Amino acid sequence: MLNKKTSSLYYALIPFLLVINSSVFSQEEDSLRTINMDEVMVSANKTEKPFVELTVPAKIISKEEIQNSGHSRLDEIISEQVGIITVPGFGGSEGIQLQGIDPEYTLILIDGMPVIGRVAGVLDLSRISLGSVERIEIIKGASSSLYGSEALGGVVNIITNKKKAEGFSKNIYYQYGTYNTQDILADISYRKNRFSVYGNLNQYSSDGYDLVEGDGQNTVEPFKNRTGGIGLSYDMKTLGSLDLNYKLFEEDRDGTIFITSPGVENKSETSENNISLKYQNELSKSVSLNIDLYKTGYVNKEEQIGANGVLNKNNFDQSLNRLDIRFKHSTSTGSYYTIGFGYDTETLERTNISVKPQHKSQFLYFQYDWNTNEKFNLVSGIRYDNHNKYSSQLSPKVSFKYDFSDDLSLKGSFGYGYKTPDFRQLYLNFSNSTSGYIVLGTSVINEVITELQSNNELTFYNELFTTDLTAENSNSYNLGLQYYITPDIPLEINLFRNNIFNLIETNIVGRKTNGQTIYSYSNVNKAFTQGVEIQGSWNPIKKLSIKGGYQLLYAKDLEAIEEFKSGTVFARDRITKQSFELKPNHYFGLYGRSRHLLNLGVNYYMNQNKDNINLRLNYRGKFALVDSNNNSFLDKYDTFIKGHILSNISFNKYITKNISLQLFIKNLLGYKDVINLLNNPGRTYSFKIIFNK
Amino acid sequence: MKKIYTLLISLLIFSCGDDDPVLEPVEAMIVTNLEAKTSSGPGQPPAGDFVKFSFAKQTTVEGDDWDIAFRATTILVNGSFSGASDEPNRSGMGSGYVAVGNYGSIKSVEESLLVQDSETAKAIPTGSDNGWYNYDPQTYLITPIAGRTLVFKTHNGRYAKMEIQSYYKDAPENPNGFTSEGQTYTFNYTYQPNEGVTTFD
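Chains as they are written, first to last, in our numbering: chain A, 1 to 693; chain B, 1001 to 1201.
Since the hints were derived computationally from the structure, they do not count as laboratory data.
One thing to keep in mind: the hints can contain errors.
[Unchecked claim] Some chain A residues near chain B, calculated using beta-carbon distances under 10 Å:
#1 N456
#2 F460
#3 I508
#4 R511
#5 V569
#6 R572
#7 K577
#8 Q578
#9 S579
#10 F580
#11 V626
#12 N629
#13 N630
[Said to hold, decoys possible] Chain B is nowhere near these chain A residues, computed Cβ spacing over 12 Å in every case:
#14 S288
#15 G334
#16 L663
On a predicted model such as this, the values are computed, not experimentally measured, just so you know.
Every residue gets a Cβ at the ideal spot worked out from N, C-alpha and C, and that includes glycine.
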């Protein structure tokens, strides 16, 4: 056990430690720096690897950055990262867009385990509280070779697990801000020798806000959510260590979220829970074993009373169980390989799905980290997934890093990524009589069509429609240079290209005699996203750090390019009503993508107490969410949402070693677009008091 | 409210030989605010009478000498087929098709593409993005697809081409799916009055 004096110093430093490491004490001065050579990442190898040695494009958001930022939810901090934005999904959710790839295709993990509960493909990142987060790891580029489905664009792994300090430690805060937004956290842990236990509770609530007056409803109605976690770990020495974690999330929302039809009442309850049991054992000097057992469930219940007084109930109940067993074997040369295997079972019960589908898959993966000489590191891996509903997938990945010198290295990677069709695309049977359309999953469509045909309710059906849905997949390429202009000024340039195949789209497949259109899903589109990302940081003086980044992006549909080339796309002048032909260079690309993203962050430490001012500017270039001139493509003549800057500033002040205050101004410049960007209420203020011991 | 006027009488085509008949000039017209309302409410299948139009007479007609007929987004051609009971009697030889291309670039009729309305499909296909319009379920807007020219054979075997410019009253610059008065056509057309001539110059 540490003596009292050392331990209090230790706790005071916790917010500023990127890694808990004994060498930190001698590096106290250096902890002011933006780059910490001790940062490790687990997501790239499923085992710790120093961040600076990674062969793939990656990013770590440290606890220090999270705490200094003032943000309380995951989507807010994610959207400040270079080349990453958050995009609104269905019902006010916030999903991630990474290298120009849609939220459906980035895998979200908490402590290495997948988060479920995607609505229309989007996983709402605002569900996740930053309160007990240790760090966030982001990998860009397809990573199905380790993680299987969904890791097509990349992986975000939220690390909450940490080795607890000896004795009691606590992190308690209260934040109050505009719109009566309140964020409360109590996180307490206790460690005695080989045994540790923790518990945390977070409540986040808000009165919501109204951007459009006089429509009789708020843009975002009041909501309240709670996140709680408990866990214990026990180190049995030669018998290995055990980690048990339980997490629960609950949210209530009354009223509407971005619903445009007046008079609709809405009530929504969401709960998510997950439990994991992790076992780790160093079997010998060179072999270690990990066994992860995981169970998660996501339930959403929604009641909607329409303007016509009709009550609509929607239930959504998803579950996932996973077992993942892996061995790591290190060789004497510093190379190591990982072999893992396991299985998933996934179920869903929801309104508009008649069956209760169950998906089962088994997987086997292998990754070799070849590190024979000091200059060259090659990481190659492959994963095999066997699925009870789809053809099996083989996902390779190769990546390398070559150090020309201490200052200059080259990094490159190629990876395969895929996403299996989700339950909705297979089993949805949405035939609400009040809506003008029907949506059928490919597994149920034949049955429904046969019934409609026998009842003479079908005017037209596309007999060529194939119900054979395959996984969406991609080949992703990254090539980058890492250059230290001086040891304190790192500069990174990365070129990326993702070729995406078999994108699933909804298509019209038939029409009923009553005029209702029938939609279903099919693999049709091919698209690519490509661009370059540049980032760097600089400490002109020790107390001041500046970091910046830029992403240039081209994201296009290949079929659309062909259509423009063939001269069959037109636009109409709004005033003269004359139509004219569009040329290939008039095609802008996919919806919701900005060609230019720019980030700038400045942090200034005012004194040795670590009091600081932290300013971030995030520019997002023009983009469009819809085809406003109705030629079904996004072109130069569409109406775009103008490029804009969102800026955040926070002031952190330590009253004592353990108590600090924070003033946070979000969207300092007050940018708003009440027509197109309903998730942005304009400038908000909040104040936070933090106890850390 | 309906206003029809001659914009321009284009090229007179004269023949070289003495024996050839003198051809009448093609007629280029703009029709504004042709109302083709359904009598049913929103969200209901369209009902009520079709509005019948004659290219030669440059106006709506009551008799069987119509060329095309409108009701909401549906357009019929007067070709020998007896459709649903609420559709007008088709006694003519009319047909049509949707050409992809600028109005000006469609210089002649591709006769092999001409089809009549049938049990399963209309000559001008109905439904969003199938024929002449796009329907946006978010904004409730009906927008004529740019670069779609409707080509017709009239009830008595002449030819016409037509471009729909707006589905809303007074063809507003930025129509609103909730507030703009719809089912009101503005279109231009070119009518070739000479029998057997398939060009529009």
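Here is how each hint holds up against the structure:
no.: 1; hint: N456; result: violated, 13 Å
no.: 2; hint: F460; result: holds, 7 Å
no.: 3; hint: I508; result: holds, 7 Å
no.: 4; hint: R511; result: holds, 7 Å
no.: 5; hint: V569; result: holds, 7 Å
no.: 6; hint: R572; result: holds, 4 Å
no.: 7; hint: K577; result: holds, 4 Å
no.: 8; hint: Q578; result: holds, 8 Å
no.: 9; hint: S579; result: holds, 4 Å
no.: 10; hint: F580; result: holds, 7 Å
no.: 11; hint: V626; result: holds, 7 Å
no.: 12; hint: N629; result: holds, 7 Å
no.: 13; hint: N630; result: holds, 4 Å
no.: 14; hint: S288; result: holds, 53 Å
no.: 15; hint: G334; result: holds, 57 Å
no.: 16; hint: L663; result: holds, 40 Å
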